[in-house]
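Asker: Residue-level listing of the chains:
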Amino acid sequence: MSFHHLDQFAHVGSAVTRVPPAGRLVGTVVLALAVATLPPGAWSQLGFLALLSLALLAIARIPPAVVLARLAWPLGFVLLASAALLVVIPGDPVVRLGPLTLTAQGADRFAAVMGRAMVALLPAVLLVSTTGFPELLQGLRDLRVPIAVATALGLAYRLLYLTVDELERLQRAARSRNAGGGAARRRHLVAAMAGATLGRAFVRAERTHAAMLARGFRGTLPLLHVTPWTAGAALNLVGVCGLALAVAASARLP
Amino acid sequence: MAHIPDGFLSVPVLAGTATASVAALATAARRSRATLGEREGPVLGAVTAFVFAAQMLNFPLGIGASAHLLGGALVAVLLGPWAGMLVLFAVLLVQALLFQDGGIAALGANTLNLAVLGVGSAYVVYRMCRLAFGDAPRATVAAAAVAAWVSTVLVGLAVASELALSGLVPWRPALVLVGGGHVLIATAEAVLTGLIVGFVLRTRPELLPTRTSRATAVPAFAMAGAALVVVVLAIALASSQADVLEALLERLRSADAPAFAGPPAAPFADYVSPVGGAWVAGAVGLLAAFVVAWGMVLAVARRRS
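Which chain is which? The protein sequence lines are A and B, in order.
Counting along the first sequence from 1, when you hit position 108 you're at 108 in the working numbering, and nothing is skipped either side.
Counting along the second sequence from 1, when you hit position 290 you're at 290 in the working numbering, and nothing is skipped either side.
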């Protein structure tokens, strides 16, 4: 199991990847915030921010099919979560479906939430498509995320594949012995597998840590490739962030 | 819907939850170093990887549906509140950045709900149950299960409160739909957490700290207690004095989202209506179910220990 499909375009050089990872993270957060804080009804601003995000995706040379594939799952979740808005918001009834009443106000709010959620996903897709996990970690560390979280993430990234492999081995062993049966027995089986995986993850982590200490580990994981800040990259980042914030602010002008 | 996507919350809620999360995580980072010390890196890494892996396991509910572990209570039991919060934050961060599971702008709210409130309240309940039930293995399992149930329901109530405070959904449907949904999730979480803790106790008991130091317990009690009081007050206010809260929300809302202004219309305006009645009945039922479950667990734990 691996995450390599996530950052398969991280090595594609572009104006986006020339910005150091910390800058990319800041840009993503600013864009997502600009979209998420738009008041309902600010459709032109939402459209502009969507175009800005799509332009950045095009500059980073991420194929549209990849963007769509990455949007599919989170969009489905957002759709499911916001569909309830159609019927729980009181207001003028439009359609009656049995006990449920679809209201005009509900539809308005549903459209506003769906629009914002959809556009806010684009900068996240841009980040994950252009930034490999080690780079992302470096960015988080540069942004002063607690060192414990950064180290935990770094080690978890290395341990995750091993832990999942361990879990798959346990599942395979259980299947080959016809374990399971009814739901109650499967519940016990799942819990036992999770417990066994936890024990093995601890053992592996302690062994790995001892090996790291033996090799001179001093609390931080070094990065082999560091993207330096350049004037051009900084200007691009400031430009994009400034534009996004200006658009978000314009939606709140009287 | 434990992970709130972007676009659902208002600016004041986003800002408030983000500030609270940053403050809590800063404390957690300091405290976890004090408790775990040198072992911090490998232990947090292992548990973070484990939570990711465990969330891939489907847990059959027996009604054709399945759930997966959230892990807040389990990490609280294994690592204590502070390191547990950091682990769940690491998981949420990766879910938001890499998998778009939960919004990036809403990360503050999701961290407050799942990492701070989820882990903190689970730890407080776990500690209280250990004090009440004692240290026998059965009592530990029961305490972990009760902690998982309570903390998951609290997470649901927090999510519902944030959606309602954002002016997105009126209070009652938010509490009924999101809070009620989490009561179901909480039951699965409680069973799964109890079973896993039971398995760990049988096979690798050294992974579970038998006694956590008083120094860690007191601030955790204080913080999660404060969060609990806020949630309970919000619910009490929403149910008993809906008009006061609605007036307050009206003022908040008119500053932020003009299109959402206007008091919630007729169906939720008074208590005679079926929705209000159903909500009150739901709340009473929830409380009664919890009291009964608590009593049963207490009885079982006393008998076995």
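Calculated from the structure, these hints are not laboratory results.
Quick caveat, the model's predicted, so the values are computed rather than measured.
There could be a bad hint or two in this list.
[Unchecked claim] Covered by chain B, per the in silico footprint, the following chain A stretches (three or more residues, Cβ under 8 Å): (1) 27-39; (2) 51-63; (3) 126-137; (4) 186-193; (5) 198-209; (6) 225-237.
C-beta atoms are modelled at their ideal positions from N, C-alpha and C, and glycine is treated no differently.
Asker: Work down the list of hints and note, for each, if the structure agrees.
Answerer: Taking the hints in turn, this is what the structure says about them:
1. Residues of the region 27-39 of chain A with a Cβ under 8 Å from some Cβ of chain B number 8, which satisfies the need for three, so the listed coverage holds.
2. As drawn, the region 51-63 of chain A meets chain B at 0 residues by the rule of a beta-carbon pair under 8 Å; below three, the given contact is violated.
3. With 4 residues carrying a beta carbon less than 8 Å from a beta carbon of chain B, the region 126-137 of chain A meets the three-residue requirement, and the given coverage holds.
4. A count of 7 residues in the region 186-193 of chain A with a Cβ less than 8 Å from any Cβ of chain B is obtained; the coverage claim is therefore met, three being the minimum.
5. With a threshold of 8 Å between beta carbons, the proposed coverage of the region 198-209 of chain A by chain B holds, since 9 of its residues qualify and at least three are required.
6. A stretch counts as covered by a chain when three or more of its residues have a beta carbon under 8 Å from one of that chain; for the region 225-237 of chain A and chain B the count is 0, and the coverage is violated.
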